[in-house]
Amino acid sequence: MKVIQKPTNARGTRDFGPKEMAIRSYVFATIKRHFEAFGFQSIETPAMENLSVLTGKYGDEGDQLLFKIINSGDYLSKVNGDPLALGSKSLLPQISEKGLRYDLTVPFARFVAMNRNDIAFPFRRSQIQPVWRADRPQKGRYREFYQCDADIIGSDSLVNEVELIALFQAIFNSLNLRTNLIINSRKILAGIVDKLGATDLFVAFAVSIDKLDKIGWDAVALELASNGFQSNQIEALKKLFNFEGSNLDKIELLTEFFADNALGNEGLSEIKSVLRLSDLNGYDNANLVFDFKLARGLSYYTGLIYEGKSVDVPFGSIAGGGRYDNLTAAFGLPNMSGVGISFGIERIIDVMRELDLFPDIQISASQILFTYFDEAGQALAINISNQLRKANIPSEVYPDIVKIKKSFEFADKKGIPFVGVIGEQEIKDRSVSVKDMKNGEQRVLSISQLIEYMATI
RNA sequence: GCGGUUGUAGCUCAGUUGGUUAGAGUAGGCGUUUGUGGUGCGCUUGGUCGUGGGUUCGAGUCCCAUCAUCCGCCCCA
134 MKVIQKPTNA RGTRDFGPKE MAIRSYVFAT IKRHFEAFGF QSIETPAMEN
184 LSVLTGKYGD EGDQLLFKII NSGDYLSKVN GDPLALGSKS LLPQISEKGL
234 RYDLTVPFAR FVAMNRNDIA FPFRRSQIQP VWRADRPQKG RYREFYQCDA
284 DIIGSDSLVN EVELIALFQA IFNSLNLRTN LIINSRKILA GIVDKLGATD
334 LFVAFAVSID KLDKIGWDAV ALELASNGFQ SNQIEALKKL FNFEGSNLDK
384 IELLTEFFAD NALGNEGLSE IKSVLRLSDL NGYDNANLVF DFKLARGLSY
434 YTGLIYEGKS VDVPFGSIAG GGRYDNLTAA FGLPNMSGVG ISFGIERIID
484 VMRELDLFPD IQISASQILF TYFDEAGQAL AINISNQLRK ANIPSEVYPD
534 IVKIKKSFEF ADKKGIPFVG VIGEQEIKDR SVSVKDMKNG EQRVLSISQL
584 IEYMATI
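Residue numbers for the first sequence follow my numbering, beginning at 134 and rising by one.
Please keep in mind that the hints were generated in silico from the structure rather than gathered at the bench. Treat the hints with caution; some may be incorrect.
Mimicking DSBU-like on lysine-lysine, the simulated pairs with C-alpha atoms at most 35 angstroms apart in a straight line are [as the list claims (entries may be wrong)]:
1) Lys222 to Lys272
2) Lys547 to Lys561
3) Lys547 to Lys272
4) Lys272 to Lys152
5) Lys561 to Lys546
6) Lys383 to Lys372
7) Lys546 to Lys536
8) Lys165 to Lys405
9) Lys344 to Lys231
10) Lys211 to Lys201
11) Lys211 to Lys231
12) Lys165 to Lys272
13) Lys523 to Lys571
14) Lys426 to Lys383
15) Lys372 to Lys405
16) Lys571 to Lys561
17) Lys152 to Lys539
18) Lys426 to Lys347
With the sequences and hints as input, model every part of the structure.
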């Protein structure tokens, strides 16, 4: 038969074979373990949401990256007017009412608004599910990827921020990955433009400043100028943003800068509290860095924001989050402040792979493969295999009567560490010849001896 | 959405200024005398050269379009 079509993955998506899954499971399990240790309760939400839930939460850019699902049935027949004349923009709402989730936070906000009466606040929820973005894929960027979210909603205490920082540190400590957790407050950024008398330029300011590390001050200054900043304002910003120093030095600098600016000072005192409470944790490979350049894109953040980065591999951020005060208001539940952090497992894995931090991840497979020469051997193999499984020893039976060499090659290729041979003599004695594939040693064991032996491996 | 890169066997790639039946390594299959794998040796399957047009006596090679890929930008995990 001729293959008409070359099979490929949809753009920006990947398959995960057994080897990748072993790695992924390990990272997922680590994250999950810490989520549970901090008392987060896991939930799941559907892959698709009504577009009304998703749109308008991520800014214009985000809205464009939403995957829309076309309505079922003869969707064109229900369109009001000539579809072609309408144009994509006005046609869209008529032919699509659902979309794939873009992150886990907005669906969570919907969940909270819907279940407000059943939830004990403050609610700690964790959620590990894939999200989809119609982005152009490139290095470290996919169209389908998992997020691992932990949020605390229904409390505006800074203790929650501190807890999430501790969670961040605990996870990367376990993964043995050196990271910086960069923190800032949207209030500080807002305070800065306030102080300069450029309050309405906040968004342009945040976007440009965020790029400072990447493109350098001169390019940022140009961008600021083209966005309407005056040269004296840019001079003032230059002084702030070219400053180098410790967390405390930066706080000192800003204290002076803000003077009587209420918003800026509020942000600053939040940072101070968080730093003070977090200093007690004592994790040494997850540094806490206050950096008032950090802006972050998602438009719903209102207070403290964070971003985790690998120290050794520059790869964009591998975790991020912040406080959002009004997210559930869009779903009819006002005054519900929340704070969350999201771990980008795809990038964490990419970074760890780069650093070769997966030393002895075992691909799960059977511990022993049974092979035989005839139907009597086959029956005994099935029987013994089931006895082993009852003792929690993964095992499998080679499905065919073949040259024994073949089944040994199979075990070798699959990484099964033991092969049990059941021939005439073994059937008579109800025993198994067990070969250790690593060193080639072979011994004859009774069934009960085999179970005992395999259990000690 | 914008700019660039690359598309030849399952995978990694070669293919000389367009010239006969398109190559290698690796993976796969068979064998190496039949109750024993990893290295060796021998044989072997497998490609309408991303797709569709065009130029030419002749196209894997040149031109156009299209799709996919990877890398930047925007934005983001």
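- Is Lys547 within 35 angstroms of Lys272, Cα to Cα? holds (31 angstroms)
Worksheet item: Is the straight-line distance between the alpha-carbon of Lys211 and that of Lys201 35 angstroms or less?
Response: holds (18 angstroms)
- prompt: Regarding the pair Lys165 and Lys272, is the alpha-carbon distance no greater than 35 angstroms?
  reply: holds (26 angstroms)
- Starting from Lys222, check that the Cα of Lys272 is at most 35 angstroms away, please. holds (30 angstroms)
Run the distance test for Lys426 versus Lys383: straight-line Cα separation, threshold 35 angstroms. holds (11 angstroms)
Q) Straight-line Cα separation of Lys165 and Lys405 no greater than 35 angstroms? A) holds (30 angstroms)
Check your understanding: Given the proposed pairing of Lys344 with Lys231, does the C-alpha separation stay at or below 35 angstroms?
Key -> This hinted pair holds, its Cα atoms lying about 34 angstroms apart.
Review point. Regarding the pair Lys372 and Lys405, is the alpha-carbon distance no greater than 35 angstroms?
Key: It holds: about 22 angstroms lies between the C-alpha atoms, which stays within 35 angstroms.
Hint check: Lys152 vs Lys539, CA-CA at most 35 angstroms. Holds or violated?
holds (23 angstroms)
field: Restraint check for Lys272 with Lys152, where alpha carbons must lie at most 35 angstroms apart
entry: Holds. Lys272 to Lys152 sits at ~21 angstroms (cutoff 35 angstroms).
Check: CA of Lys571 to CA of Lys561, is that 35 angstroms or under?
Finding: holds (28 angstroms)
Keeping to a limit of 35 angstroms between CA atoms, is the pair of Lys426 and Lys347 held or broken? holds (12 angstroms)
When held up to the earlier numbered hints, the structure conflicts with none and fits them all.
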